[in-house]
Amino acid sequence: MGVHVQTTINGDAVEFACGVDESLLDVLRNRVGLTGAKEGCGTGDCGACSVILDGRLVCSCLVLGAEMNGKSVETIEGMADGNVLHPLQQHFIDGAALQCGVCTPGFLMAAQALLRKNPDPTEEEIRFGLAGNLCRCTGYDKIVRAVQAAAKEMRG
Amino acid sequence: MRYEVPVTAKEAASLLMKEKGKAFVLAGGTDLLVKMKAGVVAPDLIVDIKAIKGIKEIKKTATGFTIGAAVPCAALDENAALVKAWPGVVEAANLIGSKQVQGRCTMAGNLCNASPAADSVPALIAAGAKVVITSSKGSRKLAVEDVPAGVGRNNLKKGEFITAIELPKRAPKSGDAYLRFIPRTEMDIAVVSCAVNLTIDGKGIITKARVSLGAVAITALLVKEAAKAIIGTKLDDATKAKLADICSAACKPIDDKRGTVEFRTTVAGVLARRAAETAYTRAGGK
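Chains as they are written, first to last, in the working numbering: chain A, 1 to 156; chain B, 1001 to 1286.
Here chain B stands alone, though its shape is the one from the complex (with noise of 0.2 Å):
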């Protein structure tokens, strides 16, 4: 096994590319690690990315946010503009894991370990965020809900590796917001989860929005026929209703030991219409 640590992405991806064996990147490592320990990878090369330049750094830009690739977790919250904006965003990566591995984890692992119940990916594709995908040829663009092939898969090629993830710029009276279900208070998987994104108007009118739901699926699962439920609304009672009734028929969940069908299509409602409810307060709406 050998370790390398390139300065610049094109070298990573150099390295990567032309490695013959098994090649893994290496960011927080705290999906990378525990595979190592339990045997299910042996890598033949590790290409920590860490030392590129900008890679662990948040930039607000005219576009939005640019979040590098090796950005610890636990620094997005120490970000005021961007807690501010993504309040969702935020609350969805730090509730990976504990405070230990939220001081190594990143978006751009979570989202690339590719499991189902990645807290930071529904919030993430409710946001509408893209990751900055770089090659040795160059580098291309992927909106977020596309990155996850299923469970454990990733549609990166070889050669291809996240150097950042983009937030859009936000739109005034805005607000999203990620719920997860977990029968601990901390320290645990999501059983269901769910990330609303919206903007209202001037009269509380819902204008734009996106919803994505988590662990009920092979991947995380953009919505579409959800936000357009929620749409030209105020968000009333009638309008949650029927938020959740197509938030649990939008469910392939499995039936396991964490949560039965029944239960996870059921609660992937119940989050739907609650974290909805949070958005909406935080856009400014009543």
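Looking at chain A on its own, in the form it has when it is part of the complex (with noise of 0.2 Å):
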């Protein structure tokens, strides 16, 4: 049995049908067609799909579709403002903070989370507030740099 939904993403009032059974990162991926989160472990130990739901880091992959009616989700694709990259996306790649990129979606909304609750954070709480995120390639130093980096910036 499918459930009609009307939620509103990256600002936009957005309509779909899905059944009781997807996931919010398979109706973002599949009916939505934002394929910016990423289906790592599809079990909430990963991170790749994180996303943040009314003000919350979540796991896309850990939330029903059909639990959307009336909530705002923010992703990957509303990050950037239009041309111009979010400091933290400048700085990933100005800092070599990604190498395949299936991560780093999620990395970003993790680390937009934390510097929203705490604008200045230490390396320590940098490394809790993304334990959630697994990346396999880059040894996660060149992350923690590049938020700090954006987290200066960001406090200008």
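Accuracy of the hints is not assured; some may be wrong.
Said to hold, decoys possible - The list that follows gives simulated cross-link-like pairs (lysine-lysine, PhoX-like), each with its CA atoms no further than 25 Å apart:
{"#": "1", "chain 1": "B", "residue 1": "K1056", "chain 2": "A", "residue 2": "K71"}
{"#": "2", "chain 1": "A", "residue 1": "K117", "chain 2": "B", "residue 2": "K1084"}
{"#": "3", "chain 1": "B", "residue 1": "K1084", "chain 2": "A", "residue 2": "K71"}
{"#": "4", "chain 1": "B", "residue 1": "K1037", "chain 2": "A", "residue 2": "K71"}
{"#": "5", "chain 1": "B", "residue 1": "K1056", "chain 2": "A", "residue 2": "K117"}
{"#": "6", "chain 1": "A", "residue 1": "K71", "chain 2": "B", "residue 2": "K1053"}
{"#": "7", "chain 1": "A", "residue 1": "K117", "chain 2": "B", "residue 2": "K1050"}
Claimed, not checked - Listed below are several chain A residues computed to face chain B (Cβ distance under 10 Å; list not exhaustive):
{"#": "8", "residue": "V3"}
{"#": "9", "residue": "G11"}
{"#": "10", "residue": "D12"}
{"#": "11", "residue": "A17"}
{"#": "12", "residue": "V20"}
{"#": "13", "residue": "G44"}
{"#": "14", "residue": "A66"}
{"#": "15", "residue": "R127"}
{"#": "16", "residue": "G132"}
Please keep in mind that the hints were generated in silico from the structure rather than gathered at the bench. In this text, a Cβ means the ideal position worked out from N, Cα and C, and glycines have one as well.
Both chains are sitting in their own frames, so use the hints and assemble them into the complex.
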């Protein structure tokens, strides 16, 4: 049985129909055409599917699409301001904080959520804040440094 | 599979009661969705309880705090009064999974999922927390330690679900703490855990205490003898050694790749001593 859902994604009103067992990640990728969020594990362990749901960082693989009625989601696709990249995105590029890139959208959303709550995190706070995101390429140091650089720029 | 979003607890209870197939409550979904994906459960009905009025609120009441069953763990440390009164409960809940998981997971879900290693459960037991269970017939309260029935099993009946967790009113000079051992620094499941909650008098003597251990038996344990051992003391070294011995003796752990029986038994005592020290300091003891 399908569910009809009206929701907000990156500030835009979106309507979709989905099955009860479809995750928000499935809906974003397969029904809405937003493929930035990635499925790494599908069980909430890797963070590659991270999105911000009503202001909270969540794994979109652990949310049902059916739950989205009246909710507001932010995904990686809404992070840049038109052609101008968000400071986090720019510093990830400048600092080579990505290699294969599969984990990157999740890291950026998690870093975004972290900096909103704590604009001046210590290195330890960044590492704990991003502990739910796995990266098998970089070794994390460049990611931590990119978040530090972006945080500094965003504080002005 | 059907999906319902009732707006009252009574309606939710009625849906759960009437369902002839398998009905599951959805709050944060961090256990349910994983189990659905793994094929461990196949619900006929999912009852999303998050639209029930007040179920996502933390309320300070005359008798303590009432934490709605759908409050995500990430919201707990944003409530300054709750953090001040029950730092051990909040630190335990904020060790569950990642930031992403904490954005969704709930203490009520952690309790109902009934893993012996659930982080928030020993802290809630030590705190003397109760759950409010609603059914179509009304509501009843149950002490947190009486909710788990075994690994993955709880004492809720068909048609019942938890609507809130109640933390008691805090006496002056009280403190609680939760510690767990994990081989990693983050994102892991407790190999052993311990929560201590205590109150001291003006001279620093412990007047009330509750001690709970996690991951060392099929359910989290309330260790009454451990509390007895520290009541009436200033938590001197001899008392701490006795506390550690009693906690180790209370363990009935399994032997697995994450920790041997011997390791779990020893570490339970160490964690009890350290958690008691932190709780004592938080209560204002020196």
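If you check each hint against the structure, which ones fail? 3, 9, 10, 11
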